[in-house]
Amino acid sequence: MSLMDKLMQPMIGGALPVPADYAANELVGNLFTVWAGGFGLAVIPWALYCFFKKGNDIPLLMIFGGLVCSLIEPMLDHLGHLWYPTNLPGPAFVGYDLNVPYLIPPCYVFFISMTGYWAYTRMKAGLTVKGVFITWFLIAMTDVIMEMPGTATQAYIYYGDASFKVFGFPLAWGWLNGTSMLLVGFLLYLVEPYLRGWNRLFIIPVSVVAMGASYGMTAWPYFMSLNHDMPWIATRLLTLLSLALCLMIVRFTAAIVASGHEAKNPIEKLNGNPVPA
Amino acid sequence: MSTYEDNIPTVKDNKAADKAQEKHMPGDEMIWLFLLGDMACFSLFFCMFAYYRLDEIELFRQSQAQLDVNIGSINTLFLLCSSWLVVMALKAARKGLAKYASFSMAGAALFGTGFVILKTIEYQHKAALDIDYLSNNFYVFYYILTGMHYFHVVIGVPLLIYYAVSLYRSKNISQTDVDNLESGALYWHMVDLLWIIIFPLVYLIP
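Respectively, the protein sequence lines represent chains V and A.
One point on numbering: in my numbering, the residue at position 67 of the first sequence is 729, and numbering is uninterrupted.
One point on numbering: in my numbering, the residue at position 173 of the second sequence is 486, and numbering is uninterrupted.
If you're looking for bench data, these hints aren't it; they were derived computationally from the structure.
Quick reminder that beta carbons are idealized off the backbone N, C-alpha and C, glycines included.
A few of these clues could be false.
Said to hold, decoys possible - Straight-line C-alpha distance at most 27 Å; calculated DSSO-like pairs for lysine-lysine: (1) Lys792(V) with Lys716(V); (2) Lys432(A) with Lys792(V); (3) Lys412(A) with Lys786(V); (4) Lys792(V) with Lys439(A); (5) Lys668(V) with Lys412(A); (6) Lys827(V) with Lys404(A); (7) Lys715(V) with Lys827(V); (8) Lys484(A) with Lys827(V); (9) Lys792(V) with Lys408(A).
Stated by the list, open to error - Cβ-Cβ distance ranges computed for the label pairs, FRET-style: (10) Leu367(A) with Gly859(V): 20 to 28 Å; (11) Val828(V) with Ala363(A): 40 to 48 Å; (12) Pro471(A) with Thr783(V): 45 to 53 Å; (13) Phe713(V) with Tyr364(A): 49 to 57 Å; (14) Thr433(A) with Met663(V): 24 to 32 Å; (15) Asp492(A) with Asn889(V): 43 to 51 Å; (16) Asn485(A) with Phe914(V): 15 to 23 Å; (17) Tyr364(A) with Tyr821(V): 45 to 53 Å; (18) Phe713(V) with Met352(A): 36 to 44 Å; (19) Leu372(A) with Tyr821(V): 27 to 35 Å; (20) Phe713(V) with Asp368(A): 50 to 58 Å; (21) Asn485(A) with Asp759(V): 55 to 63 Å.
Stated by the list, open to error - If the Cβ cut is set under 7 Å, some of the chain V residues that face chain A in the computed set are: (22) Leu689; (23) Pro811; (24) Leu857.
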């Protein structure tokens, strides 16, 4: 096959149902459930401590937010071509004909809401443009640490010919998830100063709103590459386009965060800044 | 109007300052949370390993005999040296010795890289013997425990290199820089600590 033939090789897109006989090694499944879900459970005592001892309600509300946010998972799995084995502990719920295992809700608590909260604390402390990019990179790496052991041992798989797979893990998920978690922190950073009294409950939907918005902005080229028929090279270019969009979104975020080092009232700070000519 | 005497720290002030110093938690609060979650998960893995080992003791012994203890021992030394160098780098950074801190951090990264290389060689040896994570339950644990630890090291080494480069370039080290270094050092010490448990548990216990 010539190089041109390889580049133009037609790739068939579209989601496939989970094969009935797809099962993970039982021990691997249990270990991965502990791994991906354990973090989410471990933060609960800390969030309660923050609430009762320090009067900080954000971690606790973000935990509820993470649980709500996990409802997005089957949509992402469907579009992102992910199969969970039929024998993972669960299902916690079913969506898009996919059984979502027990590990997912606590996994979202830590890896979406708590990493988002971490990004928020860093923004609140004051970040430069470079600092925002480093935060984004570290969050993306946290996702890689969490996911790669699962894909490498086939505790779950990204099926088909997803672009840039390493140990079965498409690297696109690193930058897509990294951006979504950063935006969770960013939205919290923007709205939290304005929420008082019962309005504090609006912190709960921050995770699901920011994550959904992030995927809408950055993941559509990657999902196109998986779900439409197109030449091989187009799938790779679209995946790289999703990376470019992520970098653009992170840069926009960084521009705003870096402009308001004093973060008590970021929106007011933004309003006070003249738009550059 | 304040007088000179007002500005002289009293014994009470000094005690309060000492107490604040004592209470200083190194690094970012969230890095502690990450370490807590990480170590809680690994602790559960260790318990599960012990449980399965009791159930299949002969299989675990036979499989353990196929592991390369020499590589494991050298890797333990690498991580210990690396952790020590990170401590030295942090001490130097607190004193404002940026270049010394940078070289120590670079040394730590070098030992970390050595660990990654040796571990990769070990995995290749296993693959050449047709051993993978599905060979038996011992190897499920072997690959999950050492594999997850391996990913931690792979992520940590670029972090150490980043610290080394930024320390080398920096003219003065701010308190924020020291706080960031502390967070990185905490992560690296956890990586070291996990290996200190994994190595005897998986490679050595007869």
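Hints, one by one, checked against the model:
For the suggested pair Lys792(V) and Lys716(V), the alpha carbons sit about 31 Å apart, so the restraint of at most 27 Å is broken. Taken as a hint, the Lys432(A) and Lys792(V) pair is broken in the structure, with Cα atoms around 33 Å apart against an allowance of 27 Å. The straight-line distance between the Cα atoms of Lys412(A) and Lys786(V) is roughly 30 Å, outside the 27 Å bound, and the hint therefore fails. The straight-line distance between the Cα atoms of Lys792(V) and Lys439(A) is roughly 41 Å, outside the 27 Å bound, and the hint therefore fails.
For the proposed pair Lys668(V) and Lys412(A), the alpha carbon gap of about 50 Å is over 27 Å, so the pair is violated. Under the criterion of a C-alpha separation no larger than 27 Å, the hint pairing Lys827(V) with Lys404(A) is inconsistent with the structure, at around 40 Å. As the CA atoms of Lys715(V) and Lys827(V) are separated by approximately 45 Å, the hinted pair breaks the 27 Å bound. Using a Cα cut-off of 27 Å, the hinted pair Lys484(A) and Lys827(V) is violated, with the two alpha carbons roughly 40 Å apart.
Of the pairs offered as hints, the one joining Lys792(V) and Lys408(A) holds, with about 25 Å between alpha carbons and a cut-off of 27 Å not exceeded. Checking the proposed 20 to 28 Å range against Leu367(A) and Gly859(V) shows it is violated: the Cβ atoms sit about 55 Å from each other. The beta-carbon spacing between Val828(V) and Ala363(A), approximately 32 Å, falls outside the hinted interval of 40 to 48 Å. Judged by the Cβ atoms, the range 45 to 53 Å given for Pro471(A) and Thr783(V) is violated: they are separated by roughly 23 Å.
At roughly 35 Å, the beta-carbon separation of Phe713(V) and Tyr364(A) lies outside the given 49 to 57 Å, and the hint is violated. Thr433(A) and Met663(V) have their C-beta atoms about 31 Å apart, which keeps the hinted 24 to 32 Å range intact. Asp492(A) and Asn889(V) have their C-beta atoms about 44 Å apart, which keeps the hinted 43 to 51 Å range intact. Distance hint for Asn485(A) and Phe914(V): a CB-CB separation of about 31 Å, inconsistent with the stated range 15 to 23 Å.
At about 33 Å, the beta-carbon gap between Tyr364(A) and Tyr821(V) misses the expected band of 45 to 53 Å. Between Phe713(V) and Met352(A) the C-beta distance comes to about 23 Å, which lies outside the given range of 36 to 44 Å. Restraint check, Leu372(A) to Tyr821(V): a C-beta distance of roughly 32 Å satisfies the suggested window 27 to 35 Å. Distance hint check for Phe713(V) and Asp368(A): the Cβ-Cβ separation is about 41 Å, which falls outside the suggested range of 50 to 58 Å.
Checking the proposed 55 to 63 Å range against Asn485(A) and Asp759(V) shows it holds: the Cβ atoms sit about 59 Å from each other. Taken as an interface hint, Leu689(V) checks out: its beta carbon lies about 5 Å from the nearest beta carbon of chain A, inside 7 Å. For Pro811(V), the interface hint holds, the least distance from its beta-carbon to any beta-carbon of chain A being 5 Å, beneath 7 Å. For Leu857(V), the suggested interface contact is broken, since its CB lies about 21 Å from the closest CB of chain A, more than 7 Å.
Going down the numbered hints, you'll see the structure goes against 1, 2, 3, 4, 5, 6, 7, 8, 10, 11, 12, 13, 16, 17, 18, 20 and 24, while the others check out.
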